[in-house]
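Undergrad: Sequence:
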Amino acid sequence: DVFMFLSGQKVLITEDLEDVTVLEGESAMFKCRISPVDCSRVQWFLDKTPLHTNELNEIQSQPGGYHLLTLKKLSLKDSGVITFEAGDKKTSASLVVKGKPTITT
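Residues 1 to 105 (UniProt numbering) are what the sequence shown spells out, left to right.
Errors might be hidden in some of the hints.
[Unchecked claim] With a cut-off of at most 16 Å between alpha-carbon atoms, the simulated EDC-like pairs for lysine to aspartate or glutamate come out as follows:
#	residue 1	residue 2
1	Lys100	Asp78
2	Lys98	Asp78
3	Lys90	Asp16
Hints in this document: simulated from the structure, not taken from any laboratory. All of these numbers come straight from a predicted model, not from anything done at the bench.
Using the sequences and the accompanying hints, generate a full structural model.
TA: Encoded structure:
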């Protein structure tokens, strides 16, 4: 493994992602936790596409080994599998975006 940690430990995911269902146009937040907390080789994916911070995606690292992904203004086509990778470990969860109910009069 070309990535070494100062402590020599392998990274562990101590809290897995959980499935999220939202309505179209809403935001979804995914959270997981890793140990050791200083793992720098982390990446979020939607299906197999790497995600980066931009106007619709917010990626955060928080104290205690928490990693958060917030996806904003979701559309139906954003439904898929969210994956977080840290070192050689990964955790995945489903993102389901539902259409807003249409009201007919």
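Undergrad: Where does the structure disagree with the numbered hints, that is, which hint numbers, in rising order?
TA: none
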